[in-house]
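Q: Listed below are the residues making up each chain.
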Amino acid sequence: MSPRERVEAVLSGELPDTVPVLPVVDGYHAPKVLGVPNWECFKNPEKMAEAILSALRRYGYDGAVAEMGIGYSGKVLGCRVEIEGKDVPLFVGNLINSPEDLDKLTVPDPWEEDKLLPVERVVKAAGDTHYILGAVRAPFEIACIVRGYVSLLGDIYDSPDFVHSIIKKAEKITLEFGKALIEAGVDAIVLRDSLASSSVISPGHYDEFARPYEERVIREFSRKVKVVLHICRNAAPIIEKMADTGAHVLEIDSPVNLAEAKQKVGKRVVLKGNIDSVEVLERGSREGVAAAVEACMEAAKQGGGYILSSGDSVPRAAPIENVEALVKAGRKYGGYS
Amino acid sequence: MKVIPELVEALVAGDREACIRAVKKALEPEGDYELILRSLAEGMDIVGSKYESGEYFIPEMLRSARAANAVMEQLRASMNGRGERVRAGTVVIGTVSGDIHDVGKNLLVTFLRASGYTVHDLGVDVPAERFVQEVEEKQADFLLMSALTTATRYAMKEVIALLEERGLRSRVKVLVGGVSVNEKFARELGADGYAKDVRSTISLLRKLSE
Chain B
1 MSPRERVEAV
11 LSGELPDTVP
21 VLPVVDGYHA
31 PKVLGVPNWE
41 CFKNPEKMAE
51 AILSALRRYG
61 YDGAVAEMGI
71 GYSGKVLGCR
81 VEIEGKDVPL
91 FVGNLINSPE
101 DLDKLTVPDP
111 WEEDKLLPVE
121 RVVKAAGDTH
131 YILGAVRAPF
141 EIACIVRGYV
151 SLLGDIYDSP
161 DFVHSIIKKA
171 EKITLEFGKA
181 LIEAGVDAIV
191 LRDSLASSSV
201 ISPGHYDEFA
211 RPYEERVIRE
221 FSRKVKVVLH
231 ICRNAAPIIE
241 KMADTGAHVL
251 EIDSPVNLAE
261 AKQKVGKRVV
271 LKGNIDSVEV
281 LERGSREGVA
291 AAVEACMEAA
301 KQGGGYILSS
311 GDSVPRAAPI
321 ENVEALVKAG
331 RKYGGYS
Chain C
1 MKVIPELVEA
11 LVAGDREACI
21 RAVKKALEPE
31 GDYELILRSL
41 AEGMDIVGSK
51 YESGEYFIPE
61 MLRSARAANA
71 VMEQLRASMN
81 GRGERVRAGT
91 VVIGTVSGDI
101 HDVGKNLLVT
111 FLRASGYTVH
121 DLGVDVPAER
131 FVQEVEEKQA
141 DFLLMSALTT
151 ATRYAMKEVI
161 ALLEERGLRS
171 RVKVLVGGVS
181 VNEKFARELG
191 ADGYAKDVRS
201 TISLLRKLSE
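If you read the protein sequences in the order shown, they are chains B and C. Position 35 of the first sequence, counting from 1, maps to 35 under this note's numbering, and the rest follow consecutively. Position 92 of the second sequence, counting from 1, maps to 92 under this note's numbering, and the rest follow consecutively.
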């Protein structure tokens, strides 16, 4: 099976030859493989494409997360972002400080400034053989960024209508960028809703402020492509709700017990995860990585419906040997015979 | 220790109006400020434990912190009339390296203010020199630093060395935190303490103030 066929088999409910390996190696780690600083790739879309492709070649996993270029993360949202000299774009100040500021949040043109160039390049260079993902922020996550996390989370009790009005505007941005990714040729969209996690908001607030919006954009995207729903840290209390959104894959982080998740939702959705990006990949040893991979396989491999991955973006600080160890152990323990 | 039960209860529920009512009552005829501050601290500690046990989430913590802040404003207004100041201590806080995940630090700032501390938040990506300057100018009792990546936590060492060089080290207690730091690293650094979350930071500050 080609890497692409392997992932597609899992997504259509068939058993592949071996568990697909698809860690979240995006603009935070891929530039390290190319040997350039992260900020250089955030500024230069051609470099970003090169970095993603060089990581794919070096590590030999089954697909790639095609990161958008030109500091996509913040700049498109109208926030001031500092990139120079940084591994991760840094948001400076909030865009929305009061209901009057709502108009400042506009839907930018995804095609401007070569933002989609890295995605198109990666699709063209690797799309025939590999599975290509593109990522967008979910409406709740965008709202948290433009209003500032602490302010928005405080508004949930103080002015819930204000919160909804920001998220509603954010939904348009999520939709536009998702549609552009589809047009650029991705196979699946990763919908990132990091702060919808039960490490941050209650399952009740997830139902009120995150899930309805996730569902709407997932419905729209899934007419054309598959959708991966990513929620950081502890999503165990909402795992069934996540499976109800219509997402095809749930990308879960290390605090979630993978075996329990498999038992609860494994028949309805594909699970992707959940090696700890910091404790295991950044700070652990190669042996530690292999042991973590083996544990994941034991928890979720049986019967298919599983993709081996990191639980979150692999940090730049993660040693290259550790990511290599992840792929190697994935092949060693992943086979379906 | 004695507290005002209605205030504690209202704070845990995050009911701002009820908090203000309870404080108004407590301030008449003559207010026991210490008792009010102690009640706030007790309430916030319960809120923190509810977060740890999974009953509360960040919005619930912020709801209580905002209520506590309203009480602090009320107290300041009442004390200003008598020339007194509410002051649990002065804190200088910042992150040594830039990161989008600075939710924890911002939450801590909110909680510290709610607990009566005067807080000077230097934000993220703070150079050593700036930390030290601020400690000196504001005559800080505490310096709180967090680092979010292992690569940058050594910047904390630089700050401590600079404090020593300027003869300020003995005047300020240094606490470190953040996902990339642990107890052992804090000791190696020569910090006065390590705290893993908002609740343990505040109880550590109180312990260090005794």
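Possibly wrong hints are sitting among the right ones.
Unchecked claim - Negatives, chain C to chain B, calculated, CB over 10 Å:
no. : residue
1   : Leu35
2   : Leu37
3   : Ser49
4   : Arg66
5   : Asn106
6   : His120
7   : Ala161
8   : Lys184
9   : Arg187
10  : Glu188
11  : Gly193
12  : Leu204
13  : Lys207
Said to hold, decoys possible - Mimicking DMTMM-like on lysine to aspartate or glutamate, the simulated pairs with C-alpha atoms at most 25 Å apart in a straight line are:
no. : chain 1 : residue 1 : chain 2 : residue 2
14  : C       : Lys24     : B       : Asp244
15  : C       : Lys196    : B       : Asp158
16  : C       : Lys196    : B       : Glu279
17  : B       : Lys241    : C       : Glu55
18  : C       : Lys184    : B       : Glu279
19  : C       : Lys157    : B       : Glu282
20  : C       : Lys196    : B       : Glu282
21  : C       : Lys2      : C       : Asp32
22  : B       : Lys264    : C       : Asp125
23  : C       : Lys50     : B       : Glu240
24  : B       : Lys264    : B       : Glu294
25  : C       : Lys157    : B       : Glu279
26  : C       : Lys184    : B       : Glu282
27  : B       : Lys43     : C       : Asp121
28  : B       : Lys86     : C       : Glu55
29  : C       : Lys184    : B       : Glu287
30  : B       : Lys86     : C       : Asp32
31  : C       : Lys50     : B       : Glu294
32  : C       : Lys50     : B       : Glu208
33  : B       : Lys262    : B       : Asp155
34  : B       : Lys241    : C       : Glu30
35  : C       : Lys50     : B       : Asp155
36  : B       : Lys86     : C       : Asp125
37  : B       : Lys86     : C       : Glu210
38  : B       : Lys124    : B       : Asp155
39  : B       : Lys267    : B       : Glu287
40  : C       : Lys50     : B       : Asp207
Hint data in this document are derived by calculation from the structure and do not stem from the laboratory. Note that CB positions come from ideal geometry on N, CA and C, so glycine has one too.
Q: Hints broken by the structure, by number, lowest first?
A: 4, 5, 14, 15, 22, 27, 28, 30, 31, 33, 34, 37, 38 and 39
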